[in-house]
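A.B. asks: Same order as they appear, the protein sequences are chains A and B. The first sequence begins at 1 in the working numbering and counts up by one. The second sequence begins at 1 in the working numbering and counts up by one.
Hints listed in this document are in silico derivations from the structure and should not be mistaken for laboratory results. Among the hints, erroneous ones may be present.
Identical copies carry no separate label here, and so any pair may be met within one copy or between two of them.
[As the list claims (entries may be wrong)] Result set (DMTMM-like, lysine to aspartate or glutamate): computed pairs, CA atoms no more than 25 Å apart in a straight line:
| hint | residue 1 | residue 2 |
| --- | --- | --- |
| 1 | LYS63 | ASP224 |
| 2 | LYS63 | GLU89 |
| 3 | LYS63 | GLU94 |
| 4 | LYS114 | ASP158 |
| 5 | LYS131 | ASP101 |
| 6 | LYS63 | GLU212 |
| 7 | LYS114 | ASP29 |
| 8 | LYS114 | GLU94 |
| 9 | LYS131 | ASP50 |
| 10 | LYS114 | GLU89 |
| 11 | LYS63 | GLU105 |
| 12 | LYS131 | GLU118 |
2 protein chains.
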Amino acid sequence: MRVIARIATHGGPRSVPPMRLVIARCQVDYLGRLTAHLPMALRLLLVKADGSVSVHADGGAYKPLNWMSPPCTLAEQPGRWTVTNRAGEQLIIEIAEVVHDWRHELGADPGLVKDGVEAHLQALLAEHTAKLGPGFTLIRREYPTAIGPVDLLCRDADSVTVAVEIKRRATIDAVEQLTRYLELLNRDCLLAPVGGILAAQSIAPQARTLAEDRGIRCVVVDYDELRGMPSNDLRLF
Amino acid sequence: MRVIARIATHGGPRSVPPMRLVIARCQVDYLGRLTAHLPMALRLLLVKADGSVSVHADGGAYKPLNWMSPPCTLAEQPGRWTVTNRAGEQLIIEIAEVVHDWRHELGADPGLVKDGVEAHLQALLAEHTAKLGPGFTLIRREYPTAIGPVDLLCRDADSVTVAVEIKRRATIDAVEQLTRYLELLNRDCLLAPVGGILAAQSIAPQARTLAEDRGIRCVVVDYDELRGMPSNDLRLF
DNA sequence: ATCTATATTTCGAGG
DNA sequence: CCTCGAAGTATAGAT
């Protein structure tokens, strides 16, 4: 299985304070891109080795109520934490009562390995252009244009150029994106006429309607099936 | 100051397990919209009262390495947690060693009060339409159309109707959004011709290019300046 | 339930 | 550093 992304949170030796978990009664104010206020209540304060501070309630899934992302500095006074970043944004935590305060050294994390993101879908489709239509061949991946790269540029059985936009889930935005590419590519006399294909694991109904209205063909791709196919890259000799 | 949003994480009496914090050596696999794998390492496992489970390293800001959002169920076996949601996605946590395992009752959170989000910018611009151009007057906010509400509908000095799309930061998507509105509004013989303005605290270069190419005027708005101006709504008597 | 639009989006890659 | 596009985006509101 192909490794698409590896996220190393940090590596190598370091000498920063380890993860800190505080249960405290606190009120919090964020003064930055917006202002946000949290009335006094019991919450979890999570200070990570990267310097980030997050304020969690016992709900709201993984998202904290309030936070400051690194790089930032934590100034700790009695009853008051002030977290500041380079942009001058502040997270001010007034602490009325500390119930617990632990620190734990976790060490560097080996990182996350993902499989099945859009880039992987693109790689697989580039190897199996026949899934887009019989006789399709690849001109190139990430075909550069003035307004950004086209995911795949292909040639169909009649040697007509076809731009392919790939999404895991296609919405109306993907149709607009492909439309912009097509408009630009069709101004190029050496390429025009250029057809369009929207290829995705799932396509929103309204996206399909808009696409077909604009003469863009929609192709639903089965990721697991693609992954199971032998690669064109295999050299037999 | 206007209260724009209040987020209550949960309220009223409840009888669910309280927040649980586990420091453990674990490996994690997510099998869902994609697959993701975390090799064995020491991490923080956070189980909230809402049922969510998140796996944190000592970095990566507030985002967990892996997680499952509620609603989901946690099946706990010796050395193995299996978290499953309704869609059948799974988060499988193999636990080699538990360093700590605490539970803490936090109680309901009074919730977050925000000020300064896009809705506030819209309210301020509605009160100060002159910032969009001399002689501009407001027809209405959230002008309804078949494909959604237009942020502001105005009349310029020449009594021409102008649709205004407001963003904190405008990208190409905002231009497309406004373009769809304009296309629709210009089919209405009672309104046409309708002009367009993209108003934002910042405008991405490509968004500006595309907007101006389509005859949409771009206006950069200073939120703090607007906030400091006296309101038209003030009644003096 | 589906779709639209917002978000302190966050995050990573590329120029 | 900015710019841009993807994300298990998540989340709330409207239809």
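A.B. asks: Evaluate each hint against the coordinates.
C.D. replies: Against the structure, the hints:
| no. | hint | result |
| --- | --- | --- |
| 1 | LYS63 <-> ASP224 | neither (30 Å within a copy, 28 Å between copies) |
| 2 | LYS63 <-> GLU89 | both (19 Å within a copy, 19 Å between copies) |
| 3 | LYS63 <-> GLU94 | both (20 Å within a copy, 24 Å between copies) |
| 4 | LYS114 <-> ASP158 | neither (37 Å within a copy, 56 Å between copies) |
| 5 | LYS131 <-> ASP101 | neither (57 Å within a copy, 50 Å between copies) |
| 6 | LYS63 <-> GLU212 | neither (37 Å within a copy, 38 Å between copies) |
| 7 | LYS114 <-> ASP29 | between (36 Å within a copy, 10 Å between copies) |
| 8 | LYS114 <-> GLU94 | between (39 Å within a copy, 18 Å between copies) |
| 9 | LYS131 <-> ASP50 | neither (45 Å within a copy, 42 Å between copies) |
| 10 | LYS114 <-> GLU89 | between (33 Å within a copy, 15 Å between copies) |
| 11 | LYS63 <-> GLU105 | both (23 Å within a copy, 18 Å between copies) |
| 12 | LYS131 <-> GLU118 | within (16 Å within a copy, 42 Å between copies) |
In this structure, the hints that do not hold are numbers 1, 4, 5, 6 and 9, in rising order.
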